[in-house]
Structure formats: C-alpha cells, structure tokens
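*Asks:* For the sequence shown, numbering that gives the first Met the number 0 assigns the number 0 to the initial residue and increments by one for each residue that follows.
If you're looking for bench data, these hints aren't it; they were derived computationally from the structure. Among the clues, some could well be false.
[Unchecked claim] DEER-style ranges, computed between Cβ atoms:
1. Arg251 with Glu439: 41 to 51 angstroms
2. Ala412 with Trp301: 21 to 31 angstroms
3. Pro351 with Leu112: 18 to 28 angstroms
4. Pro21 with Leu324: 14 to 24 angstroms
5. Thr257 with Asp59: 29 to 39 angstroms
6. Thr254 with Arg346: 18 to 28 angstroms
7. Arg148 with Ala424: 45 to 55 angstroms
8. Pro183 with Ser295: 20 to 30 angstroms
Beta carbons are placed, not taken as given, at the ideal position from N, Cα and C, and that holds for glycine.
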Amino acid sequence: MPPESALEQRSAGLTALLDALPLNRRHWRVFGVCAAGFFFDSMDLQIMSLVAPTLMRRWDMSPQLLGLVTSAAMLGTFVGAAGLGTLADRLGRRTGFQFAVAVFAVSSALCALARSPGELIGLRFCAGLGLGGLIPITTTLMSEYMPARTRGRMVALWAVSFPVGGLAATGLVSVVLPHLGWQPVFAIGAVPVLLVFAVRGLVPETPRFLLARGRIADAERSVRWIALADADAVLSFDAPATAVRPARQRVRLATLFTRSHRRSTVVAWLMTFGWNFGYFGMVLWLPTLLMLSGLSLSEVFWYTLGFQLCAICGRGALLLVVDRLGRKPVIVIAGLAAAALMLLLGRSEALPWLFLVGYLVSFCEDGGMSGVVPYTPELYPTSVRGSGVGWAIAVGRIAGLIAPTLVGALVAASDRYAIFVVFAACYAGASLVVAILGVETHGRLPSEK
C-alpha cells in the first residue's frame with residue numbers, strides 16, 4: 000500500500016475512533032473549558048445591557064448614541080469572528096481560544112476606566128474582537144472532540160452556558176450596581192483571563208485539526224488523551240506513523256462559495272443573520288426598553304432574571320430532543336414560534352402579559368439555539384470548519400451590529416411596535432431558509448472535499 004494511502008487510512012481510522020468513543024471525563028473537561036468561555040462571553044454582553052440605562056442617564060446619551068455604544072462590541076465581534084476563526088484554522092483551536100479570551104477579558108476590564116461615550120465605544124469594540132472570535136472557536140473545538148452520536152446534545156448543552164452567564168450577570172449587577180456603581184461591574188471582566196493559562200494544561204489541540212494539517216503522530220497523541228487507556232489497542236499498528244508535509248491550506252472567503260460549500264454557506268449566513276438580529280436586538284435593549292416603559296430598576300432586574308431563567312429552560316428542554324428530532328425541526332419550530340410571540344409581545348401593555356409573553360419569547364428564541372449552535376459547524380468539513388463557522392458568526396454579528404442601532408432610531412421615533420415586527424420577520428425568515436434550503440446533519444460531519 001502506498002504511504003499516502005496508508006496515511007489516509009490511518010487518518011480515517013482515527014476519525015472513526017473519535018466518533019465511536021463513549022463520553023468520558025476528558026470530554027467533560029473539554030466541555031467545561033468551552034462552557035466557561037461562553038459563560039463569560041454572555042456575562043460581558045449582559046453586563047453592558049444592564050449598565051446601559053445608568054450610563055444613558057449619567058452621560059445624558061440619546062437613544063441613537065446608546066445604540067452606537069451597544070453596537071460597538073457587535074462591530075468588534077464581526078471582525079473578531081472572521082479573523083480569529085481563520086487564525087484557528089492556521090494555528091489551532093486552542094491557541095485561538097487563548098487569544099480570544101485574553102483580548103475580551105482585558106478590554107472588558109478597561110471599560111471601568113472609560114470617562115466618555117467615545118472611550119467606551121472604543122473599548123467595547125476591542126472587547127468585541129475577542130468575543131467574536133471566542134464563539135466560532137469554541138463551537139469548532141466542541142464539535143471536533145465530541146463523538147458523533149452525542150455531538151449535537153453536548154454542543155447544545157454547552158450553549159446553555161450562555162443564558163447561565165446572562166443570569167449570573169443579572170444577579171451580579173443587581174447587587175453591585177446600586178451600591179458600588181458601574182465601574183466595579185466592568186472591572187469584574189478581568190476574571191476570564193485565568194482561562195488563558197488554564198486551557199494550556201487542560202486541553203490539547205483537537206485531533207481533527209492535527210489530521211487536517213498532516214500531523215498524524217500529534218493527532219494520535221491527542222486521540223490517546225481523549226480516549227483514555229481504552230484507545231491503546233485501537234491505536235496500535237505495525238508501522239510507525241511517518242511524517243507528512245503539513246497541508247497548509249489558506250482558507251479564503253471565496254472557498255466558502257465553491258460548489259462544495261456554497262449551499263452550506265448561504266444557509267449558515269442567512270440563519271445566523273436572522274437569529275442574531277432578533278436575539279441581540281432584544282437582549283441588548285431589553286432593560287432600557289423596560290425602563291422607558293415605566294418599570295423601576297428593581298422591576299427590570301427581576302424581569303431580566305426571569306427572562307434568563309426561561310432562556311435556560313428553553314435551551315435545556317430542546318437540547319433533550321435535538322438529537323432525536325434533528326437540527327432542522329428544532330430550528331424551524333422554535334423560530335416560527337418566536338416570530339409569532341414577538342408580534343404579541345409588541346402589543347402587550349399590562350404587566351402580567353408583558354412578563355408572560357416575554358418569557359415565552361425567551362424560551363423559544365434561546366431554545367432554537369439548541370439547534371442553531373450544533374448545526375452551523377456540522378455544515379462544513381474540518382478543513383474549512385473554523386473559517387466557515389467564523390464567517391457565519393461574523394455575519395450574525397453584523398446583524399447584532401445593525402439591530403441595536405436600528406432599535407435606537409425606532410425608540411427615538413417613538414415607534415416601538417415596529418421593533419417587534421422587525422424581530423419577528425427575522426426569526427421567521429431564518430426558519431424558512433433552514434426549512435427550504437437546509438440539510439439535516441444529525442449524527443455526521445461532512446467528509447473532506
């Protein structure tokens with residue numbers, strides 16, 4: 000057998016082993032590291048939304064200017080998602096993870112020193128660079144380590160850490176902000192920098208990335224690590240692994256629109272744009288909209304706590320069925336339900352209805368993420384997965400950039416129902432794209448093309 004064929008067979012064997020492994024403590028370690036990163040990502044965004052009403056009054060900001068402040072991080076995430084996703088395809092998932100966490104943790108902490116809206120906009124942009132890179136990198140890292148039969152459930156469970164982070168941020172801000180002010184709230188953003196040092200000793204580079212780069216021996220060591228002692232017999236073979244020239248392929252944006260990947264890219268981009276427009280527009284402006292509607296700061300905190308609890312319930316409930324029903328049904332049903340509820344929420348004025356419908360919206364929009372999060376990386380093969388997910392998240396963050404600015408303009412124009420109509424259209428559109436153009440990816444990752 001030619002060396003190339005032997006190495007291809009070896010690579011296929013290692014990949015098959017990864018997909019056949021039972022979950023073990025090493026998988027949960029990978030999960031813990033990724034969940035911690037996503038948790039702090041969510042905390043950062045939620046802290047900004049909760050501090051926004053205070054800053055609006057203190058600095059006498061107009062709704063349009065507040066929209067720019069909240070959009071600054073989204074602009075950074077657009078650049079970071081694409082740039083750091085590509086970096087992760089070149090240098091590795093672990094290195095990309097460390098860099099992304101360091102950038103957003105340091106920048107978030109420095110927001111405590113901001114003395115004007117302009118300074119805060121600049122620092123939020125820098126924080127967004129790291130935040131934008133963290134999501135595609137952790138999504139890819141999770142997808143490449145988890146076995147095929149549990150991949151969707153584990154990635155969806157990891158996504159639950161996002162609303163958990165939002166819940167923690169709400170509780171933290173409700174205690175710190177009234178007594179110590181907004182600066183200490185931002186200073187807490189330095190805590191995630193500990194992950195930069197922890198991940199180096201906790202998780203090695205993913206075997207799939209190493210195989211895609213031709214580093215067979217390194218991939219074998221990584222497989223031995225994730226499989227524990229059970230892999231020794233499977234990894235034994237007659238001839239030692241030979242060195243292979245690394246396949247250092249530069250993944251350009253045009254690659255994602257080649258015949259092999261074009262449909263996946265269209266689905267991923269439109270789905271993430273629609274979902275992120277509704278999600279980030281709602282999350283980043285919700286506390287301010289509630290206060291403008293006459294709720295007190297205490298009522299806003301309680302509403303937001305309930306909103307985050309329902310988000311956790313939504314993700315938890317639908318992750319239980321995402322591997323049974325498939326990705327598409329979860330995304331489509333949750334998205335259409337969120338769209339209908341958004342229209343109802345826009346007409347809700349009585350406080351009980353405002354709470355009830357808002358909580359149902361949170362359940363559906365976050366529950367749909369249990370399908371969206373594992374679905375995106377599963378649309379792409381290993382060689383372009385980091386870039387594919389990175390660009391999809393970047394497009395989604397463009398939506399997150401536009402949404403707060405548009406909401407600010409609509410608030411200034413006193414046309415608040417239009418806000419919910421736009422959100423509903425985005426969720427409905429994203430769901431229909433997946434229903435019509437999407438392919439079911441449950442239980443598999445695309446082969447290399």
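*Asks:* Hints the structure violates: just list their numbers, smallest first.
*Replies:* The structure breaks hints 1, 3, 5, 6, 7; every other hint is satisfied.
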